[in-house]
Structures are given as structure tokens and as C-alpha cells.
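Heads up: the protein sequence lines correspond to chains L and D, in order.
Each residue of the first sequence is one higher than the one before, starting from 27 at the first, in this note's numbering.
Each residue of the second sequence is one higher than the one before, starting from 19 at the first, in this note's numbering.
Check before you lean on any hint, since a few could be wrong.
[What the hints assert, rightly or not] Derived DMTMM-like pairs: lysine to aspartate or glutamate, alpha-carbon spacing no greater than 25 Å straight-line:
1) L:30 <-> L:347
2) L:243 <-> D:44
3) L:103 <-> D:44
4) L:175 <-> L:264
5) L:175 <-> L:268
6) L:441 <-> L:431
7) L:453 <-> D:68
8) L:30 <-> L:350
9) L:103 <-> D:63
10) L:243 <-> L:195
11) L:447 <-> L:431
12) L:447 <-> D:54
13) L:103 <-> L:440
14) L:103 <-> L:397
15) L:447 <-> L:350
16) L:453 <-> D:63
17) L:30 <-> L:268
18) L:175 <-> L:146
19) L:243 <-> D:63
20) L:441 <-> L:348
21) L:453 <-> L:440
[To be verified] Across the chosen pairs, the derived CB separations fall in these ranges:
22) L:135 <-> D:59: 17 to 25 Å
23) L:426 <-> D:62: 40 to 48 Å
24) L:274 <-> D:62: 17 to 25 Å
Everything labelled a hint here was simulated from the structure, so no lab data went into it.
Just so you know, these numbers come straight off a predicted model, no measurement behind them.
Yeah, the Cβ is synthetic: ideal placement off N, Cα and C, and Gly gets one too.
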Amino acid sequence: MQEKPNIVLISVDSLRANHLGCYQYPLPTSPHIDKLACQGVLCENMFAPGIPTQPSHTTIFTGQHPVTHGVVAHGGKARLTRGSPFLPEILFEEGYTTCAVDTLFRERIWFGRGYEYIIDPSLRHMFYASVTQEELNDRAIHWIKTVPKGPFFLFIHYWDVHYPYVPPERMRGLFYDGNNPTDPNNHELDEWWQHPIGAMARDTWLRSSDGLIRDPKYVTALYDREIRYLDEGIAALEAALEQQGMAENTIVWLLADHGESMTDHRICYDHYGLYDCTVRVPTIVRWPAGKLRAGSRLAPFRQLLDVAPTLLEATGSLIPEEMEGRSFLQQMQGQEEPSGYDRVIGLESTWQAKYYLRNSRYKFILARQPDMLGNPDRELYDLAADPGEDHNLAAEQPRLAAGMEAELEAWLAEKLQALGKTHDPVKEEGAVAESIWAGHRS
Amino acid sequence: MEQKPRKEASEDMVVPKPPETPPSQDPAPVMRPEDEAVVAERLRELGYIE
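For reference, chain L alone in the conformation it holds in the complex (with noise of 0.2 Å):
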């Protein structure tokens, strides 16, 4: 056996984790991906510290928190410097074979860095979030069954749970129990219509035959399709593995980049909002050669910032110390005890301009500019009390929420003094595709 282990880090997109039966969801969404679980660890609070995909993915392969690397925004003025570490380009320097079957070098150019080989079905679609999980396999089994010897570093990135949610024939009928997903009396997404996102699915993907899907559970229903649909990729991906003999020593690490809201918070099938259905991603590890503890749950906070210098000390690399992740490998290995962060700050500046500081009890929201829903500049909630996050006790318990607030000040201007920055990256961006939208508008 080959002394480094190959790596599979499989991102899927907007897939959110209680939507997944190992994660409690109650609908059979998930079989395969919840076997991959037992056979394997499930980290169970592991936070996005960047949403959506652009900062959240720089995350993961940086290693670094957005304030760090730059990055906050879809379609933000910032571009990660060469300065920044990036896991495959480490990888690639430690004599792995290195491939990426995904589509974000196209959307921003950093993503491409490190990776021998690059490849992107997606190229056949008009839309490159339409590129589905059997094109992607396909291609990516291919390059495992002719990848040169020695080890190797895949990324696979689904999109499949991302919008449009158009899952294929043999899905139709599950999940839904609704009776009529087009009736023209329903208008709980009518709201929906008024955001640009809303009014896309609107006028594309939500059409059928019988007229306009207008019942939200049905639309749920397609998302939880789609997740199934994902599922018998993963299983298949796997299986490719095995036969390959190449699963022992091979570290499969499924992840999201975000979650997804359904109707969540009025934010309805999109990810943003710094809400733990967003927020709150799934993370599972396999890796049976490296003796993982296997069917564990860690319940400790971890960040997806984690994620490369974990992979990095797997792989008996050394890990830049401009990473500020932490490596949790041993924790998985059950020779160190579970332990985390006490808290997480995170932020998003696409739909809106916000920072969210979460502990074990409670989640503070900051918004530096109004959001387009009208909510209030700040939210409190106590997540034991109140998971859905649906009752802000901002105004009943200010002390609380002063205080929160002061922490995740004082934090984001100590780590802008230590970088050298002058700028609240959040202020500078603001939240960039609502402005565009707003400026399409007027």
C-alpha cells in the first residue's frame, strides 16, 4: 500500500444537513451518504465561517476565515492573492496527482490553482449549476480508473442540491404528499416572485406541464429529489473506489459549502442569511486505513477552515502557518479527546451585509446595511430554546445582545489590526448582488 493516502474531498453544493438522515431528517433522502457516516466520522457542528459558495469554498481550501483571505462575496471587488496558501497547490507540491471535476475556476480564476488536471462537464450546459452528478462521475471514475501511481488529490463538486432543483424521471413521486403542487388558490411563494432568484425559478424551472408549481412543500419535495438523486452518486463514486481496491487508503471527506433555507426566515430555496440551516453544514469523513473512529459523532464546533490543515496533517504534510484552521485528524482518530471552538464568527455580503457570532446557546446577527426583507439590524436568539431561530429577543434581553455584539467588534478589529487592514471587508463589499439588483431596478 502506498504510504500517503489519496484524497476524495467531495463539496456538495447547498446541501444542508438536517435534510440528510444522518443528521435526523426524517425522510429516507440519504442511504448511501448515511452509510458513508457509519462507516465513518459525522462532525456535527461544523460551521461555515463565509457564505455562499465563492467565500465559503476560498474557506475550505485556504484554510483561512473570510475577514483573512478577502473573499465575502459573489461578484465582490476582491481577489485572493498568492500570498494565500491553497491546499491543492500544497498537495500538488507533495508529489500528488492532482484533479478538480468542477466548474468554479470559471467563475473565479484562483480556483484552478494547483490542479494538474481540470475538468468540467458543465461546459455542456448553458447553465453550469445544470450539470448533474452522473456527468460529473462519469468523468471523475474515469480519471481514478487512469490516474498515474502515487497518490492523488480529487475534488468533486456536485450540483445537484444547488437551484435549479429538476431531479431526474425516476425520482418523480417521492417525498410529496401534498395534493395539488400547482393550484392556482396557493400564494405562499408569491412573495418569492419579488426576489430576482424567486422570479427566475419562476420563470424557468418551476413551470410544468400542469402550470405553475406553487406549493412550497412540493418545491421542498424536489429539493429532498435532488438530494436522493446526489446519493446514488455518492454510492456510485464509492463503489468505483472499491473496485479500484483503492477505498482502504483513500479519505473521502464530504462536505457543503452552505446549507439551504426552504422558506426559512421568509428566504425561500437560496443560501443566504446566516441562519443555522445555512450555516450549519454537513461534514463526513471516511478513511479506513487511518483508523478513524468509525460510526463516532464529534459534537464540538468546527469550521470548514479546518478542513485543509486536517487533510494536511492526514497526508504528513506541513501545514503553513498562515492557515488558521486546526487540524482535528487526531480527534477523529479517538487519540485525542473531542474539543473545539467556544464560539464562530462568520459573515456573508452577496444578498446581505451581515456577521454572525454563534456559541453553544445563543446566535447573535449584525447587519451593517438594512436587508432587502426589512428585518432588524440585529437579532438574538437562544438556540436551546428556539433551534428554528424564529423568536429575536434583541430587544428583550439587550445587555445579552450588547455583549455579543462587543465580542464580535472587538474580534473583527483585532483580526483587521493583526492582518494590516483598515477595512470591515462586510462595509467595503456591502451586500454586492442586492446593490447590483437594486441598481438593475432603478
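Given the coordinates of chain L, work out where chain D should sit on it, guided by the hints.
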């Protein structure tokens, strides 16, 4: 904060059959290439795609 072993044995896991809705009540959306083009254009306008 503890590490909890799971009880179930993965090898014995049976893939459950999901509940089904009669197809007559299920309009199943279809994404045509022209719809994809609209989505791509709208997201380009919003700065998602360069």
C-alpha cells in the same frame, strides 16, 4: 462535548423505499436549454457569473 459511537452496523443497513405520490399529482418540472440560458443570463446580471 463527547464522541458518541453509533449503534447501527452500516453493512446491515437496508436502503429504505421512499414514500410515493401518484405521478398524476406530480407535474415534475423540466429544465429546457432555453430555461438554462435564462438562468445563466439572470445570474450574470447579478454578478454571479463573469
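Hints, verified against the model:
About 22 Å separates the Cα atoms of residue 30 of chain L and residue 347 of chain L, which keeps this hinted pair within 25 Å; it holds. Simply put, residue 243 of chain L and residue 44 of chain D have alpha-carbon atoms about 12 Å apart, close enough for the 25 Å limit, and the pair holds. At most 25 Å may separate the alpha-carbon atoms for a hinted pair to count; residue 103 of chain L and residue 44 of chain D exceed this at roughly 43 Å. In summary, the hint linking residue 175 of chain L to residue 264 of chain L is supported, as the alpha carbons are separated by about 19 Å, within the 25 Å threshold.
A C-alpha spacing of about 17 Å is found between residue 175 of chain L and residue 268 of chain L, which places the hinted pair at or below 25 Å, so the restraint holds. This hinted pair checks out: residue 441 of chain L and residue 431 of chain L have alpha carbons roughly 15 Å apart, not beyond 25 Å. Using a Cα cut-off of 25 Å, the hinted pair residue 453 of chain L and residue 68 of chain D holds, with the two alpha carbons roughly 23 Å apart. Of the supplied pair hints, the one linking residue 30 of chain L and residue 350 of chain L holds, its CA atoms being roughly 24 Å apart against a limit of 25 Å.
For the given pair, residue 103 of chain L sits about 16 Å from residue 63 of chain D by alpha-carbon distance, which is consistent with the 25 Å threshold. Restraint check for residue 243 of chain L and residue 195 of chain L: the C-alpha separation of about 18 Å stays at or below 25 Å, so the hint holds. About 20 Å separates the Cα atoms of residue 447 of chain L and residue 431 of chain L, which keeps this hinted pair within 25 Å; it holds. Note on residue 447 of chain L and residue 54 of chain D: the hinted pairing is violated, with a Cα-Cα distance of about 40 Å set against a maximum of 25 Å.
Proximity of residue 103 of chain L to residue 440 of chain L is assessed by CA-CA distance (about 23 Å); at most 25 Å being required, the pair is judged to hold. Under the criterion of a C-alpha separation no larger than 25 Å, the hint pairing residue 103 of chain L with residue 397 of chain L is consistent with the structure, at around 20 Å. Proposed proximity of residue 447 of chain L and residue 350 of chain L is supported: the alpha carbons are some 17 Å apart, at most 25 Å. The straight-line distance between the Cα atoms of residue 453 of chain L and residue 63 of chain D is roughly 22 Å, inside the 25 Å bound, and the hint therefore holds.
Restraint check for residue 30 of chain L and residue 268 of chain L: the C-alpha separation of about 18 Å stays at or below 25 Å, so the hint holds. Pair hint residue 175 of chain L plus residue 146 of chain L holds up; C-alpha atoms about 23 Å apart against a cutoff of 25 Å. Under the criterion of a C-alpha separation no larger than 25 Å, the hint pairing residue 243 of chain L with residue 63 of chain D is inconsistent with the structure, at around 29 Å. At most 25 Å may separate the alpha-carbon atoms for a hinted pair to count; residue 441 of chain L and residue 348 of chain L meet this at roughly 13 Å.
At most 25 Å may separate the alpha-carbon atoms for a hinted pair to count; residue 453 of chain L and residue 440 of chain L meet this at roughly 16 Å. The hint said 17 to 25 Å for the Cβ distance between residue 135 of chain L and residue 59 of chain D, and at roughly 22 Å that hint holds. At about 43 Å, the CB distance of residue 426 of chain L to residue 62 of chain D agrees with the hint of 40 to 48 Å. Separation of residue 274 of chain L from residue 62 of chain D is about 44 Å and departs from the stated range, judged on CB atoms against 17 to 25 Å.
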